[in-house]
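Engineer: So the chains spell out like this:
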Amino acid sequence: MVDRGGRYERDNRERDRGGYRDQGRPQHFKKRRYQDDEERDYRQQRPRYEDPMVRLRKDVLAIAESPLIKVEDSIRSIAKSLSAHWDHEAIRKGFVTLIKTLVVEQPFKIPFVAAIVLCANAQKHEIGKLVLDEFAAQLQEYLDQCEWRNFKLTLRFMGSISCMLDGEGVATLLNDLANLTGDLAAEGGSSGLSEELSYVILITIPYILTAAPGGITEEFLATLIERLEGMQVPSAVEPLLSPYTGPNAPYPTMNNTSLLLNALKDEAASGFKFEILARPWEPFLAELEAATKHFFPTITMPTALEGGTIFPKIYFSVFQGAVYETVPPPTSITSTILRDSIGDTIGLLDFNRIACARFLIDVDCYFSPNAFIKRATPFDKISEIPEGKSTWKPEDICVDAIFTNIFQLPQPEHKLVYYHATLTEVCKLAPQAVAPSLGRAIRYLYRNLESMDVELRYRFIDWFAHHLSNFGYTWKWTEWIPDLELSKVHPKRSFIQEAVEKEIRLSFANRIKSTLPEQYCGLVPEDKEKELPDFKFESDDIAFPEEGKQLLNLIRQKAPNEEVDTLMNAITDAANNKGLSDPSKYARDMYMTCICHIGAKSLSHVLSCIERCKDKLTQLGQEFPQAQRQIVGTVMRYWADQPGIGANVIDKLLNYSILTPLSVIEWVILDAGGEALPRGHAWEMVNTTTRKVVLRTRNLASARGGDDLPEEQIAIAEQQHEVAKVEQAELFRVVMEGLGRYEDGGVVVGKEGTSGEDVVWLKWWAASWLRALKRQSDIEEAEEAMRVSAGTGGGAMEEDGEKEDEDNAMEV
Amino acid sequence: MSHHQQHQSTVERLDRPSTYYDKSSKRNRDDAGSKEDPLKDATTLYVGNLSFYTTEEQIHELFSKCGEIKRLVMGLDRFAKTPCGFCFVEYYTHEDALDCMKYIGGTKLDERIVRTDLDPGFKEGRQYGRGKSGGQVRDEYREDYDAGRGGYGRSLQGGKEMGHEYD
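Chains as they are written, first to last, in this note's numbering: chain Z, 1 to 812; chain V, 1 to 167.
The set of hints was computed from the structure by calculation and includes no laboratory data.
If you're wondering where the values come from, they're calculated on a predicted model, not measured in any experiment.
Backbone N, C-alpha and C fix where the C-beta goes; we use that ideal spot for every residue, glycine too.
Hints may contain errors.
Straight line, CA to CA, 16 Å or less: simulated EDC-like cross-link-like pairs of lysine to aspartate or glutamate [stated by the list, open to error]:
no., chain 1, residue 1, chain 2, residue 2
1, Z, K389, Z, E325
2, Z, K528, V, E57
3, Z, K58, V, E12
4, Z, K652, V, E57
5, V, K65, Z, D651
6, Z, K415, V, E95
7, V, K65, Z, E413
8, Z, K774, Z, E238
9, V, K40, V, D15
10, Z, K652, V, E90
11, Z, K601, V, E57
Every beta carbon over 10 Å from chain V, so not counted as near; a handful from chain Z, in silico [unchecked claim]:
no., residue
12, D362
13, K374
14, Y458
15, P583
16, K585
Computed footprint of chain Z on chain V, listed as stretches where at least three residues anywhere in the stretch have a Cβ under 8 Å from a Cβ of chain Z [claimed, not checked]:
no., stretch
17, 61 to 72
18, 98 to 110
Using the sequences plus the hints, can you model the full thing?
Structural biologist: Printed below as a string of structure tokens:
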């Protein structure tokens, strides 16, 4: 009976993981699939031979997944089948390969896989021997390649099979690693690698101590913790990586490695309990003690450590200080163990977000029974939990782990959209359980907007709008109605505005309007619903309206260049005769406005128009020192009601080298000015532009170090890199000086008549932009310094080198 | 990363081409011989199940979350030259295209689940629907009503009167 249930459970899960593709398939595909299912039912009635490896693979992969199957039964049966089939090479190879992959793809299962191996070893010691040798070789490979996460997880597995290791087992390895950490720390630890290694060693300790008893003693580990404590070096960039700043930050900045270290010290003092971890080996203890032990192969410490800077990880949570403790306190070892393991699951399974979401929802299957409260327990029912029992909500812990990634500075491991998609999947799998957690998370983030880093604020907006777009744009907007009264530059009011803007960009104005309470109507002005923005030369209160209409026709009809030039020169002459300052700006503004209007129908329309007119545009941008800045202004004025589209057009003009990065930045910081700082599109323009510049410099830096390049090409790359570095430094200088003047009051922010309170907020915006851009700039400088000191061309820079092919016209 | 490619993963990968491409390449297998995988460095995606009303800007907004978009080609009705529910998105890198398969395929755009598939690259002419009426083939004989894609299947609309199912 139990077995049947288990099989049913697995089938279901496989379908869950089978992906989304069916949903979008045309009907006739679906139909065929459906028939397939029926046939399978029929086939299953016949007894048929199942390949033992297929069966083994299925069973091993399903370990601990189902609460309906007793995990000790699974362990026993897999171990038995392993020793029965061990003579087959396919089984030996297949099994070892499978568990090597499993360990670095599904870390939740490590203690269970370890128990399988221990049990199998007790039955047939050759199994233990082969697994150990293969894993040791794999461990060495990860170490040599500096693949720290895979190294950590493989080491965790080794620690978990300590009981079948001769003598001290992995103790020598841990000691060697600690020595390596010490050497790195003594060099200053600027690459972050010593901190990373400390973390790797420390997080292995709980797993060693909760595994079946082996040769490593608590005293040894306590000494190891002490040694590592002495090696910690503060990171120079860390102060710029905290998610919150200011006196109202919801909690102090906490570094993950320090949290782990201190939690372990507390544990050492209270006798290492680690109650959260499962101990699946316990039922087999007697057999395991009698089993053959194996010699642990020597792992050689690497001589050259590759890889770029590893930034310190900062604790982030959206459930701190709540009425009920739904996530373990940050200082507890439980918190670190869970965050580490869930974080790795998320980091590793980016190739199947649906499977990842499934693991997150099932998190309670993989740790101690009773470690969490029942799934989907409503928040207000937590009060009914008896004293002394866990109040940790599995949904909150998982949601927290995903948000930790979204809010990680400077950048999370994967693209942000991966985490968006994973949250969406988690919500789809368990809507009733997850949606309320997400609601509390959103409110928490919203409450703390006034302390949040500006880059993270933007990520919050971006995620929020994207998430809602997957769920019919439903949100309890009514609860924020009172905040609509706040000044437009208040961080909360600005959040609401920008979130609505983002929603509209994913959808359209009328649709979004229909999802909002009527109090929000003012946020979606009529002009946003227009098919095309107005062509300003249709109006008479503007200089040269007739000429504007003429020029539009000329460009639209693809008139010869001479005709266009004649008209534009006439306008400049007329402006000159009228005694207007900068007389050529009228024709420039007119030309760019016409292109925007002709291309207003869609991005392809504007692109083909820009393509056709790019020589003229390039020339216009170069005829006068401020001309490019003015062109940016023209585009943004044309798209004033949909600035997101304007920002996209600017980005394309940048790619065509019609605009320089500096001109874009100058327009935002100096022309749009302080008023624009609360706007999402302004941040997007600056952030996209600086990142493009930075990426280009990095790519040139790595081109410079290309081993297989002929010398003269290296020299060219070297030179280009120097130029790019200077340009980049200039760009950041302009940004920081401009923002600095707003912040310190050197330049008055806001228009005349801006209230005192608004001025305070605008200065606050300037300060928070400044911090975010200083972070970008400091990081680039530090990376460059690292590259120089390493003497190589930055092998760590894995960013898309191909991006700079001839199609990307970023060459300046 | 390299590890994942060497060994079979313990869960299915979402960045593999669908069977659609497998099938059409099988057809060409004889002359293709031992040619290497045309999707090995693919930077383009076919995107399906869009609403006819979804704009380039909306597509850009969502798909640029996976990387800068090099080119976006809307699928058009061969006769009406209006969007007919698919498009090609081209990125600068293969990695961005794979990420799009992993993170955007199967999520919603304009409140519809979009389907993505790796594509060997856009060629002139492919932007047009191949159905008899000018749109996509799937919209010819579709029996369900889909407001975002012109109602019922076109052939059904033209050939039979509404309510024919009661005959």
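Engineer: Okay, which hints does this one fail, numbers in order?
Structural biologist: No numbers; nothing is violated.
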